[in-house]
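Asker: Now for the letters of each chain:
2 protein chains.
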Amino acid sequence: MSDNSINKKQTITIALDCMGGDKGVHAVIPGAARAAKQMPNVSFLLFGRKNDIQSVLVKYPKLENRCEIVHCDDVVAGDDKPSAALRSGRKSSMRLAINAVSEGRADCIVSSGNTGALMAMAKLVLKCLPGIHRPAIASLIPTVRGSTLVLDLGANLTCNEDNYIQFMILGAVYAKAVLGISSPTAGLLNIGTEDTKGHEMLQMAKAILAQVEMPGEFKGFVEGDDIGKGTVDVIVTDGFTGNVALKTAEGIGHLFRETLQDAFGKSLFGRLAYLLAYKPFSKVKKRLDHRVYNGGLFLGLNGVCIKSHGSADDYAFSHAVIAGAKMVENGFNTVVANEIKALENQKQKHDFDELKHADISEMASA
Amino acid sequence: MSDNSINKKQTITIALDCMGGDKGVHAVIPGAARAAKQMPNVSFLLFGRKNDIQSVLVKYPKLENRCEIVHCDDVVAGDDKPSAALRSGRKSSMRLAINAVSEGRADCIVSSGNTGALMAMAKLVLKCLPGIHRPAIASLIPTVRGSTLVLDLGANLTCNEDNYIQFMILGAVYAKAVLGISSPTAGLLNIGTEDTKGHEMLQMAKAILAQVEMPGEFKGFVEGDDIGKGTVDVIVTDGFTGNVALKTAEGIGHLFRETLQDAFGKSLFGRLAYLLAYKPFSKVKKRLDHRVYNGGLFLGLNGVCIKSHGSADDYAFSHAVIAGAKMVENGFNTVVANEIKALENQKQKHDFDELKHADISEMASA
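Chains A and B supply the protein sequences, listed in that same order. Heads up: take any position in the first sequence, counting from 1, add 26, and you land on the working numbering. Heads up: take any position in the second sequence, counting from 1, add 26, and you land on the working numbering.
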């Protein structure tokens with residue numbers, strides 16, 4: 027493991043795409059104001075239509091002092107194909123906000139816009155960190171124990187063993203450097219915990235991860251129910267599986283809320299019981315408020331990029347902004363770069379290729 | 027679509043592996059008694075250690091009259107590898123119960139034992155239905171609208187387009203013939219609903235399913251949250267994704283229950299509020315009682331085989347028995363065979379191979 031002592035960044039500039047999401051400036055500006063209250067060291071570059079931005083910004087004079095508006099007319103539409111957005115969105119608020127990061131005028135970009143377009147542009151402009159082959163989308167999911175970081179949630183249809191290992195480093199560094207968990211636990215998502223379960227790529231990744239020193243503690247394979255149970259701090263999977271798992275979790279959350287509403291909302295007695303149980307119910311609501319978990323973290327890029335949910339309100343948007351600011355403040359990418367170097371050094375000692383094949387052939391004959 | 031009018035089977039014999047699961051005979055026999063009350067046309071063959079079985083069976087004299095015990099000493103252990111169970115479990119209660127189905131002495135087998143061993147033995151002994159390349163594990167999952175049948179939940183790590191299409195037929199026939207849904211809706215699980223999303227195999231399956239006549243109505247791609255929302259009656263996926271989704275749903279269910287317990291159970295006020303809200307809470311509990319959904323249906327085999335959850339109590343086990351009995355009663359496998367024939371006839375009209383490649387190349391250039 028490398029030396030992770032990083033000096034905290036003192037002042038942070040965040041580029042905001044003000045035109046994305048269902049609510050546009052009406053979520054972005056009030057959201058930025060909320061975040062600014064909590065983080066006095068943050069200032070903003072606001073990208074989008076000047077008049078739209080100003081009409082809301084005037085209501086937040088304290089924020090106004092910490093903002094600079096960069097006018098642009100173009101907007102990436104929610105249903106633009108990534109390839110189309112790359113071609114025709116060169117002067118869009120999304121693209122110019124990303125450019126600000128690559129040109130060093132901002133430390134971080136936050137957008138509620140089109141996910142595919144944002145990822146495509148961020149990859150093209152910011153590129154991957156050295157030693158990272160592909161970026162991943164990560165998000166915190168509430169669990170019995172607190173929350174678990176799950177990645178990838180949709181950037182990669184399939185993964186090879188190197189992707190899994192790199193995602194493991196990205197996730198563990200986030201848990202350690204940004205969330206402050208001193209020795210985060212991590213697992214690879216599979217359909218069973220035995221060595222022989224799942225795809226060969228997963229088995230190879232597990233064989234390597236069991237042998238190398240990494241930030242945090244690798245716990246081997248975990249299963250779908252470990253997400254909600256919070257068995258580990260970080261769960262790594264491919265983007266297809268992660269996307270289905272995340273959305274399944276959302277759907278089951280919806281089912282529970284609907285079932286409770288149905289039981290408590292449809293009769294006079296139920297509504298009365300709800301009023302009497304209001305306090306514990308508020309506790310549950312607060313504990314499982316998805317807005318607190320807003321912020322798809324694009325990890326592995328040479329720059330910090332956060333995707334806020336398209337339907338985010340100002341409270342949710344503020345959490346995405348704070349997530350980005352904390353990644354910058356704690357030097358996330360610098361720590362990742364150090365850990366990747368440390369991994370490369372270990373690779374020179376071990377012969378990973380031999381390791382992979384030895385373990386797999388043993389498994390196959392088990 | 028083929029003619030689905032099937033005469034209901036009048037008498038049904040179910041082979042029960044009495045030695046499987048955490049509770050063995052103590053869940054199987056009382057569970058069979060519960061099921062027998064609801065289905066007067068069912069009788070049982072009980073496989074396992076005679077003394078163990080009889081010690082519980084004497085408590086259920088009405089059931090006793092409808093049972094025949096087949097003594098066997100051997101038991102497949104919960105942690106036996108499928109390959110080991112195949113080799114050394116030839117005289118186990120699980121294997122002999124499956125043999126009873128293949129030899130026509132029983133119509134259906136239900137076991138709470140080792141899933142991998144049960145699937146391996148069932149595949150070897152019963153074999154697949156003509157035209158079905160691989161069996162799938164299916165289960166009902168509670169949704170806002172009622173329940174959705176999801177398959178595959180773990181029998182196949184990956185699937186090709188033919189597997190997806192065959193699973194679609196299996197699922198739709200189950201919804202129609204067994205659940206009595208006159209025109210079931212069905213979707214393919216993906217990470218988005220657009221044609222270009224996901225793996226090529228999924229895109230090919232979608233292209234074909236959009237063109238052929240099937241039992242029920244194909245709705246295209248669905249996403250993870252559609253499981254809990256109950257958007258469609260049947261959801262088809264590969265066994266890796268399905269297994270992760272099912273377990274993720276279980277984990278999130280666990281999270282909701284724990285969070286509610288924490289809010290209502292930790293203070294005097296909370297406990298009081300719970301008592302006052304007891305009635306609506308019982309409604310919620312009943313609605314989401316996982317025991318009602320017990321029964322992993324092994325679909326596509328030339329014989330009906332049901333896997334009850336290892337931790338099932340008698341109430342849960344009775345639901346697995348009833349699920350099997352209903353498949354037999356409604357001639358599930360006969361209807362599937364008819365639908366597969368109907369599909370083959372359509373294949374002769376369409377050129378599926380050309381269709382696949384035409385659609386895919388269009389997508390790639392989209």
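For the record, the hints were derived by calculation from the structure and aren't laboratory data. In this text the structure is predicted, and so the values were computed from the model without any measurement. Check before you lean on any hint, since a few could be wrong.
As the list claims (entries may be wrong) - With a Cα cut of at most 20 Å, we get these calculated DMTMM-like pairs of lysine to aspartate or glutamate:
| # | chain 1 | residue 1 | chain 2 | residue 2 |
| --- | --- | --- | --- | --- |
| 1 | A | K223 | B | D106 |
| 2 | B | K309 | A | E370 |
| 3 | B | K311 | A | D288 |
| 4 | A | K375 | A | D251 |
| 5 | A | K255 | B | D99 |
| 6 | B | K149 | B | D188 |
| 7 | B | K255 | A | D221 |
| 8 | A | K85 | A | E284 |
| 9 | B | K223 | A | D105 |
| 10 | A | K305 | B | D288 |
| 11 | A | K255 | B | E226 |
| 12 | B | K375 | B | D288 |
| 13 | B | K76 | B | D99 |
| 14 | A | K107 | B | E226 |
| 15 | B | K107 | A | D221 |
To be verified - Label pairs and their calculated CB-CB ranges:
| # | chain 1 | residue 1 | chain 2 | residue 2 | range |
| --- | --- | --- | --- | --- | --- |
| 16 | A | K292 | B | K367 | 45 to 51 Å |
| 17 | A | H316 | B | L183 | 29 to 35 Å |
| 18 | A | K76 | B | G172 | 50 to 56 Å |
| 19 | B | S173 | A | K76 | 17 to 23 Å |
| 20 | B | N186 | A | L301 | 50 to 56 Å |
| 21 | A | L301 | B | V318 | 27 to 33 Å |
| 22 | A | G218 | B | D99 | 46 to 52 Å |
| 23 | A | R313 | B | S308 | 18 to 24 Å |
Cβ atoms here follow ideal geometry from the backbone N, Cα and C, with glycine treated the same way.
Asker: With reference to the structure, classify each hint as holding or not holding.
Answerer: Okay, the hints, checked on the actual structure:
1. A:K223 x B:D106: holds, 14 Å
2. B:K309 x A:E370: Distance ~57 Å between B:K309 and A:E370 Cα, so the pair is violated.
3. B:K311 x A:D288: holds, 12 Å
4. A:K375 x A:D251: violated, 36 Å
5. A:K255 x B:D99: violated, 38 Å
6. B:K149 x B:D188: Within the cut-off at roughly 18 Å; holds.
7. B:K255 x A:D221: Status violated; Cα separation ~34 Å.
8. A:K85 x A:E284: Between A:K85 and A:E284 the Cα gap is close to 36 Å, so the pair fails against 20 Å, i.e. violated.
9. B:K223 x A:D105: holds, 14 Å
10. A:K305 x B:D288: holds, 12 Å
11. A:K255 x B:E226: violated, 33 Å
12. B:K375 x B:D288: violated, 60 Å
13. B:K76 x B:D99: Given pair B:K76, B:D99 holds - Cα atoms ~9 Å apart, limit 20 Å.
14. A:K107 x B:E226: Holds, at about 18 Å.
15. B:K107 x A:D221: holds, 12 Å
16. A:K292 x B:K367: 45 to 51 Å: holds, 47 Å
17. A:H316 x B:L183: 29 to 35 Å: holds, 32 Å
18. A:K76 x B:G172: 50 to 56 Å: Taking Cβ atoms as reference, A:K76 and B:G172 lie about 51 Å apart, which means the hint holds.
19. B:S173 x A:K76: 17 to 23 Å: 52 Å Cβ-Cβ, so the 17 to 23 Å window is violated.
20. B:N186 x A:L301: 50 to 56 Å: holds, 55 Å
21. A:L301 x B:V318: 27 to 33 Å: holds, 30 Å
22. A:G218 x B:D99: 46 to 52 Å: violated, 29 Å
23. A:R313 x B:S308: 18 to 24 Å: This hint holds: roughly 23 Å between Cβ atoms.
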